[in-house]
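There are 2 protein chains.
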Amino acid sequence: MVLPPNVSEADFNAALNEFRLAVGESWVFTSDEDVALYRDSYSIYWGEPEERVASAAVAPTKVEEVQQVVRTANKYRIPLYPISTGRNLTYGGSAPTMRGSVVVDLKRMNRILNVDEKRGFALVEPGVSYFDLYNYVRERNLKVMIDVPDPGWGSPVGNSLDHGVGYTTAHYRDHFGSHCGMEVVTPEGDLVRTGMGALPNSETWQEYRYGAGPYIDGLFTQSNFGIVTKMGFWLMPMPESYLNGTITVPRYQDFEPLVEEVSYFEDLGLIGMPQYGSPVGGGFMGPPSPALAALMQNGWPTVDALENYVATQKRPAWSVELNFYGPEETVRANWQAAKRRFAKAIPGAAFQDGQLLAMPIPKEREAAQADKPRLGIPALEIFMMVARNPATNADPADGHADFFAYVPRKASAVWDASRVMYETYREMGAPPIHHPFFTPINYYSRCFIVATVVPTYRNAAKNARSRELFAKVMDRCAEHGWGCYRTSPAFQDRLMSKYSFNNNALLRFHQKIKDGIDPNGIISPGRYGIWPANMRGRRA
Amino acid sequence: MVLPPNVSEADFNAALNEFRLAVGESWVFTSDEDVALYRDSYSIYWGEPEERVASAAVAPTKVEEVQQVVRTANKYRIPLYPISTGRNLTYGGSAPTMRGSVVVDLKRMNRILNVDEKRGFALVEPGVSYFDLYNYVRERNLKVMIDVPDPGWGSPVGNSLDHGVGYTTAHYRDHFGSHCGMEVVTPEGDLVRTGMGALPNSETWQEYRYGAGPYIDGLFTQSNFGIVTKMGFWLMPMPESYLNGTITVPRYQDFEPLVEEVSYFEDLGLIGMPQYGSPVGGGFMGPPSPALAALMQNGWPTVDALENYVATQKRPAWSVELNFYGPEETVRANWQAAKRRFAKAIPGAAFQDGQLLAMPIPKEREAAQADKPRLGIPALEIFMMVARNPATNADPADGHADFFAYVPRKASAVWDASRVMYETYREMGAPPIHHPFFTPINYYSRCFIVATVVPTYRNAAKNARSRELFAKVMDRCAEHGWGCYRTSPAFQDRLMSKYSFNNNALLRFHQKIKDGIDPNGIISPGRYGIWPANMRGRRA
Chain A
3 MVLPPNVSEA
13 DFNAALNEFR
23 LAVGESWVFT
33 SDEDVALYRD
43 SYSIYWGEPE
53 ERVASAAVAP
63 TKVEEVQQVV
73 RTANKYRIPL
83 YPISTGRNLT
93 YGGSAPTMRG
103 SVVVDLKRMN
113 RILNVDEKRG
123 FALVEPGVSY
133 FDLYNYVRER
143 NLKVMIDVPD
153 PGWGSPVGNS
163 LDHGVGYTTA
173 HYRDHFGSHC
183 GMEVVTPEGD
193 LVRTGMGALP
203 NSETWQEYRY
213 GAGPYIDGLF
223 TQSNFGIVTK
233 MGFWLMPMPE
243 SYLNGTITVP
253 RYQDFEPLVE
263 EVSYFEDLGL
273 IGMPQYGSPV
283 GGGFMGPPSP
293 ALAALMQNGW
303 PTVDALENYV
313 ATQKRPAWSV
323 ELNFYGPEET
333 VRANWQAAKR
343 RFAKAIPGAA
353 FQDGQLLAMP
363 IPKEREAAQA
373 DKPRLGIPAL
383 EIFMMVARNP
393 ATNADPADGH
403 ADFFAYVPRK
413 ASAVWDASRV
423 MYETYREMGA
433 PPIHHPFFTP
443 INYYSRCFIV
453 ATVVPTYRNA
463 AKNARSRELF
473 AKVMDRCAEH
483 GWGCYRTSPA
493 FQDRLMSKYS
503 FNNNALLRFH
513 QKIKDGIDPN
523 GIISPGRYGI
533 WPANMRGRRA
Chain B
3 MVLPPNVSEA
13 DFNAALNEFR
23 LAVGESWVFT
33 SDEDVALYRD
43 SYSIYWGEPE
53 ERVASAAVAP
63 TKVEEVQQVV
73 RTANKYRIPL
83 YPISTGRNLT
93 YGGSAPTMRG
103 SVVVDLKRMN
113 RILNVDEKRG
123 FALVEPGVSY
133 FDLYNYVRER
143 NLKVMIDVPD
153 PGWGSPVGNS
163 LDHGVGYTTA
173 HYRDHFGSHC
183 GMEVVTPEGD
193 LVRTGMGALP
203 NSETWQEYRY
213 GAGPYIDGLF
223 TQSNFGIVTK
233 MGFWLMPMPE
243 SYLNGTITVP
253 RYQDFEPLVE
263 EVSYFEDLGL
273 IGMPQYGSPV
283 GGGFMGPPSP
293 ALAALMQNGW
303 PTVDALENYV
313 ATQKRPAWSV
323 ELNFYGPEET
333 VRANWQAAKR
343 RFAKAIPGAA
353 FQDGQLLAMP
363 IPKEREAAQA
373 DKPRLGIPAL
383 EIFMMVARNP
393 ATNADPADGH
403 ADFFAYVPRK
413 ASAVWDASRV
423 MYETYREMGA
433 PPIHHPFFTP
443 INYYSRCFIV
453 ATVVPTYRNA
463 AKNARSRELF
473 AKVMDRCAEH
483 GWGCYRTSPA
493 FQDRLMSKYS
503 FNNNALLRFH
513 QKIKDGIDPN
523 GIISPGRYGI
533 WPANMRGRRA
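Chains A and B, in that order, are what the protein sequence lines are.
Counting from 3, one number per residue, gives the positions in the first sequence under this note's numbering.
Counting from 3, one number per residue, gives the positions in the second sequence under this note's numbering.
Source of the hints: derived by calculation from the structure; they are not laboratory data.
Using N, Cα and C, we set each Cβ at its ideal position, and we do this for glycine too.
It is possible that part of the hints are untrue.
Listed next, the stretches of chain B that the computed footprint assigns to chain A, with coverage defined by at least 3 CB atoms under 8 Å from CB atoms of chain A [stated by the list, open to error]:
| no. | stretch |
| --- | --- |
| 1 | 175-188 |
| 2 | 397-403 |
| 3 | 456-470 |
| 4 | 492-500 |
Just so you have them, the derived chain A footprint on chain B, three or more residues with Cβ under 8 Å [to be verified]:
| no. | stretch |
| --- | --- |
| 5 | 4-18 |
| 6 | 224-231 |
| 7 | 258-267 |
| 8 | 514-527 |
Construct all of the structure, not just a fragment, from the sequences and the given hints.
Below you can see the structure in the form of structure tokens.
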């Protein structure tokens, strides 16, 4: 058994006994077999001393039990690491930031407390998954649409607290941005409700999020300032219709006006997440096509070479799929307006009508839908992207560590970042996957993501190389002013060291808050670089 | 001269001298005449000992000067009260929460640092007004639209930090919700940039707001946790068209389906702020019509009496104006969809086409527009609502204190709150202004506001009565679970005492944060109930 740092075995056992009193004997997990379930199966330190493994886990089912666990932890100085439900793959799984922490597994707190169809909100506990919420809504035929992430087994609470995203219009697919109201167990075991929830008998906890005085909800995201036990979310009304269509543009440099026109529709709230692609490039986030790989044999091609290449391919350089939600009149008009505006802005733009669907999708037709999350249907099909089918992948990785570089929403930034990643891979002796037609992801509506996926293994030597590559990509991107929104505990200290303006003023400010509200440093020590005073300087 | 509490005259003078060294002799204001400019001209304690008056004011022009002022304040324990620009009328004006504080007037920090037309954002300092930003954009013919509040002389920074609002679509009119990135001088004089701004040379400070780790921006709203010196805002692309139309419904009880249908359009992001009205009631937020006043002579009428009353009036019970922004195809389709849906949902619904305007409004036609803020044009015409024209108002108040009760977005809640306000006015011996057709305001898209406006005077006896009325309205609303989003310093302690869930856990949590980041209690002591440790228990 791993012990938390600076905790004696006697104290640890005393704490475990108090946890058992709080939550019941069978919900405190200490056997190697049970605790192993909380390992990060994608760990880039798998089996090495640096792997972040838990000492034990405890699964409360009520808020009062969470409070009791926190009070006991304060008494014995036991570090806790709360998780909701789902897998959190590529971002550390269920394993704690600091080795030896006790995982507080909130999966049993899975009550859907309210879904108000007419006022458009839900109130849920952390153990509720997107599948749970979706099934609840469909069983009752409620006319709301849930913005679901990929994959759908995650929790609205956990997903939004890690700044997770979905696929519909900008403000719903920002899951933290569409929340309204929280309940939080503080690091000292107190219980706070935020926004209008602080008003006893509040009638608007899920309707007005700022309350009066400071708006503190953001504190509890990607941090260690409390354990969120309830959270409200705004829901989209079930739109009458869904319509999609694809626009293609002929030239490499058409990407610039393409992005500008898409942004017009995006920022007026007329579309869901635009899906960029490149018919002459590779698949979405895939390696370059063989023809493109050949073109790149002597390095990054010039603009002229790229335009010539596109011309010889007789296929469009870029594509974007637009998705519209709303009354039928509206979605048809939006697509009509898109055709008019893109045709005017980009000579040679071509348009392919997609499908017009009446919403919601009838139950019996759900399984046949190709792109379920865009229709508000939770799914697990995203895993087909990285499937371990030996017929298509002779040497599959065991997992992966994703790095999302956040770059400006403009063509030149995408090209710059793709090239920097390409050159970093070459420098590190890894086969490059980036190329001039690599397409950005637009989860957050105002910025682009240029992504990379570094493989992880159950092999220390291979993992060492992956760690070096991952760290180098992070370093190079930071040098260019491109941050990353999320990473696994293995890289959180490094990531936060990049956010270093004015001698790390932001991190130092976070630590002052930590000292004020968590004097014993109980909750998730080290998460996103925030170490409690008694461990500062320590780096996990 | 008023002195800050527990500060000797010698120390105060030493601090003033250091302020002068920091910002220049002429930008430290200490004469009675100068300091009087920072009084709250709407104060409900005007001329009484409880009036919150400043001891002095200091007006830095650079971030480094703000930091120096804060460091000096820490050295001599001088409480500071930062303001941006504009007037903040009904919410305390420029006067500090605690008597004797030194106002830090940021009006000279009025630089527009960036407006990116294609990526859709602005970065501004606190002294920039909506007029300034609007003029900047129009002079350069930038194709963006600014969501402006009423009145337009306020500051985007100050307005959003007080959770101010405008008139266009839901996510732009929530001014804090549409911000992206901050720079903050901490209470100890350090300098923090939030979100992607913490990355040196960041390229996405105004494009991704959460950065990595906790999202702390909300901390700096309605609080005393720092002085915001820069702030980014997302801007709406200039829509090609604006279209509006009005829907009327015949019966009192039609308000319920009317609200539900409007909410469908609102929550799909298809409309700007819906403007509710009642043709049989009174003007917007006005007292009841004479006929309605007569009906109410024996108290609140029954539903049957209300339906009979409406029938005799031969006018519709309710109206709502919808406003659409976007391509011409889209705005026309949205209005067409509205006609179809409302006609189906509410028998007797009638539709009046408004105007279709090409955007932006040409400069020469701006002055003629009746509803400038909806068109993104800052104005001061809101003051005509409370004009002191003796021809129309024989006994005008000198100011007013607004109370906005936040209630659920449904008809019954509006009716309940209007009745509670009516009964509270009667109980207090004040002439009621609320009635069964009082219409809600929908600034924040997910909740309704039922407002009242209590007069304030340069007369202590009259103000005493106004204070009693205001406090009673606040108390009664809180009993019903209806909070308020903002109030003047005179009522902030009382307001926060209503947010009392779990023995005031939220306020106690705020105070722990305060202790962690502002050990000397320098910034705005008492603001929104947050007193520093050395003054806790004290109530200004």
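Hint check:
1. 175-188: holds (count 4)
2. 397-403: violated (count 0)
3. 456-470: Violated: only 0 residues of the stretch 456-470 of chain B have a Cβ under 8 Å from chain A.
4. 492-500: Result for this restraint: holds, n = 3.
5. 4-18: Violated - the stretch 4-18 of chain B has 0 residues with a Cβ nearer than 8 Å to chain A, which falls short of three.
6. 224-231: With 3 residues close enough to chain A, the hint holds.
7. 258-267: holds (count 3)
8. 514-527: holds (count 6)
Hint check: violations occur at hints 2, 3, 5; the rest are consistent with the structure.
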